[in-house]
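Participant: Let the hints inform the model, and build the full structure from the sequences given.
Chains as they are written, first to last, in this note's numbering: chain A, 979 to 1312; chain F, 979 to 1312.
Because the hints were derived from the structure by calculation, they are not lab data.
Mixed in with the good hints there might be a few duds.
Which copy is meant is left open, because identical chains are indistinguishable; a pair holds if it fits in one copy or across any two.
When the alpha-carbon atoms are kept at most 25 Å apart in a straight line, the in silico SDA-like pairs for lysine to any residue are as follows [stated by the list, open to error]:
| hint | residue 1 | residue 2 |
| --- | --- | --- |
| 1 | K1149 | G1007 |
| 2 | K1149 | L991 |
| 3 | K1149 | D990 |
| 4 | K1149 | G989 |
| 5 | K1149 | P1173 |
Listed below are the residues making up each chain.
2 protein chains.
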Amino acid sequence: MTELHIEATRGDLVESVHRVSAAVMQADGRLVAAAGDASRVAYWRSAAKPFQALPLLEDGAADALAMTTEELALACASHSSEPRHLEVAAGLLRRIGATEADLACGPHSPISAAVAERVVREGIELTPLWSNCSGKHAGMLALARHHGWPSAGYERPGHPLQDRILTEVAKWTGIRAQAIPIATDGCAAVTFGLPLSAMALAWARFGTDAAPAAARLRAAMSAHPDLVAGTGRLCTELMAALPGRVLAKIGAAGIYCAALPELGVGVALKVADGDSEVSAPALLAVLSAVLQRAGVAARYDFAPVAPHISRPILNTRGARVGTLRAAGGLRFHD
Amino acid sequence: MTELHIEATRGDLVESVHRVSAAVMQADGRLVAAAGDASRVAYWRSAAKPFQALPLLEDGAADALAMTTEELALACASHSSEPRHLEVAAGLLRRIGATEADLACGPHSPISAAVAERVVREGIELTPLWSNCSGKHAGMLALARHHGWPSAGYERPGHPLQDRILTEVAKWTGIRAQAIPIATDGCAAVTFGLPLSAMALAWARFGTDAAPAAARLRAAMSAHPDLVAGTGRLCTELMAALPGRVLAKIGAAGIYCAALPELGVGVALKVADGDSEVSAPALLAVLSAVLQRAGVAARYDFAPVAPHISRPILNTRGARVGTLRAAGGLRFHD
Chain A
979 MTELHIEATR GDLVESVHRV SAAVMQADGR LVAAAGDASR VAYWRSAAKP
1029 FQALPLLEDG AADALAMTTE ELALACASHS SEPRHLEVAA GLLRRIGATE
1079 ADLACGPHSP ISAAVAERVV REGIELTPLW SNCSGKHAGM LALARHHGWP
1129 SAGYERPGHP LQDRILTEVA KWTGIRAQAI PIATDGCAAV TFGLPLSAMA
1179 LAWARFGTDA APAAARLRAA MSAHPDLVAG TGRLCTELMA ALPGRVLAKI
1229 GAAGIYCAAL PELGVGVALK VADGDSEVSA PALLAVLSAV LQRAGVAARY
1279 DFAPVAPHIS RPILNTRGAR VGTLRAAGGL RFHD
Chain F
979 MTELHIEATR GDLVESVHRV SAAVMQADGR LVAAAGDASR VAYWRSAAKP
1029 FQALPLLEDG AADALAMTTE ELALACASHS SEPRHLEVAA GLLRRIGATE
1079 ADLACGPHSP ISAAVAERVV REGIELTPLW SNCSGKHAGM LALARHHGWP
1129 SAGYERPGHP LQDRILTEVA KWTGIRAQAI PIATDGCAAV TFGLPLSAMA
1179 LAWARFGTDA APAAARLRAA MSAHPDLVAG TGRLCTELMA ALPGRVLAKI
1229 GAAGIYCAAL PELGVGVALK VADGDSEVSA PALLAVLSAV LQRAGVAARY
1279 DFAPVAPHIS RPILNTRGAR VGTLRAAGGL RFHD
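Facilitator: Given below as structure tokens:
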């Protein structure tokens, strides 16, 4: 079987090919399956967000600040800048006595094409609240307030908040903090260089951990999938279709992570070229292969996310000229 | 030396990698250099446009219809939908007694981000004239008028116009027409599946052919590089910086072709994943390597296109977090 990849066909030929590396791990540290290079080091980008949010629960900040489950879900989000996303982020900022000026994330054209178009059409000025990461940043500010750390520089390496989060990342991934290369994410916060296998392990553990912090964060994401991404996006639709049974989080540059708690499995993948438009079919191909191998595919109905499995490639007249789809498969290690 | 590729760095790591296949050919059919798989079959997409336009000159249509050099340049263009691009296309349609309704190309968000934003902001309705291919389509209609062929279906396989163009493509690439897989391009016209080496051969021949048709089309492209692409784009800036000494044409899905007439060389490359944002640094890496090998790099000043050689990757606060750049090199065969 050829290695998992995403291909774009046109006519009778495969026109373009995206290579994919993936790791599927059990929470006990066993590599279940792989594609490409499962030990490839990549930046975790936004697929790290649950682990950046967990200290809010573990350190008591969420309770002390009366954070809602919506705010917790948004802290894990790469949101689409839809009205509700901005409202929830603004609400958390107000409650902790912070303002948009405290946010270190810069604005960008919204992930939602519809919202992005509305922004241009209505001449809306983009501010940091519009960043897809504004929930994460508001959560970071909340944790800093709770601990009495300064707001200034909260996004940078060496700030106590980032030290706290790095410790959390090390705990879940099993990689020593000193061995994790860090860099600057698109939103100006710290991002973490990790083998895909370590990301997958962290997600397997996150999906199954019995401690209240992980359970509450899973519940928040599952209760508010619309706040973790946005209308029509795979993270949202997958968690809405299979609440609590799939947890999924996209990251920039072709990263996607997920957990299948019932199987005790975590998944991490990277589209080699960093194309985040094709990581959704890659994730669904990996999840499908794992569920099939486990003999439980029939119990996971992916029909609601069918548009993300493959999609027609249309020309400018709306005629179908090809297909974007996954091909090849995983190497299973059992 | 590693194979040519485009890499995006972040911090101390290479975050994403785009593989590149390339062929560098002499007009006599000799493979000068390669990267990846030089015989990879890809669709020629918009890098075929000069060959789709050449029959206008060879068959006497350009003279009979008094086509301007601007119209010939635009027939080779993937334009940015700037005002002058739309004017020239509309002018040609008027002269041949056609209207926008005759154009088979569908509209799409303009390639120029500035124009695309203006379209949304001002609520402009996109019509076929706004297609980046409207010059090519107007040229196709002109050729059909000249030959007395029907306008209807001019973009489809089997129409005499497409048969004529396929013959032209076969002539320049050295591949039998029957052996060329065809498919539907984004603009609804026929596109051609060809080995990169055949595309490069065609461009080498186009760059050096002494016949008046090729010479006039080269002169038109070189005289109006602003009409072949648009403000800030590599095709335009490269041909403006080195008029007549470099001919270059981007195609969709990671295709780029060029000719260096003084060296008798043609180049064709494909970014494997189809990313057209990174084909510009790939082309410049190939051209630089070829010029260096020939010992004439100092005579080709690429300073005006330096922003296309590599570019900083910025976060949403405008801080530099990495670099997009070419790495690795070509395999030379001499």
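Participant: Each hint should be assessed against the structure and marked as holding or not.
Facilitator: Each hint, compared with the structure:
Taking the shortest alpha-carbon separations for K1149 and G1007, only the intra-copy value of 13 Å comes in at or below 25 Å, while the best inter-copy value is 60 Å. Proximity of K1149 to L991 under the C-alpha cut-off of 25 Å is restricted to the inter-copy arrangement: shortest distance 22 Å between copies versus 46 Å within a copy. In this assembly of identical chains, the alpha carbons of K1149 and D990 lie at most 25 Å apart only when taken from different copies (23 Å versus 49 Å within one copy). In this assembly of identical chains, K1149 and G989 lie within 25 Å of each other by CA distance solely across copies; the values are 23 Å between and 49 Å within a copy.
Within a single copy, K1149 and P1173 get their C-alpha atoms as close as 15 Å, which meets the 25 Å cut-off; across copies the closest is 50 Å, which misses it.
In this structure, none of the earlier numbered hints is contradicted; all agree with it.
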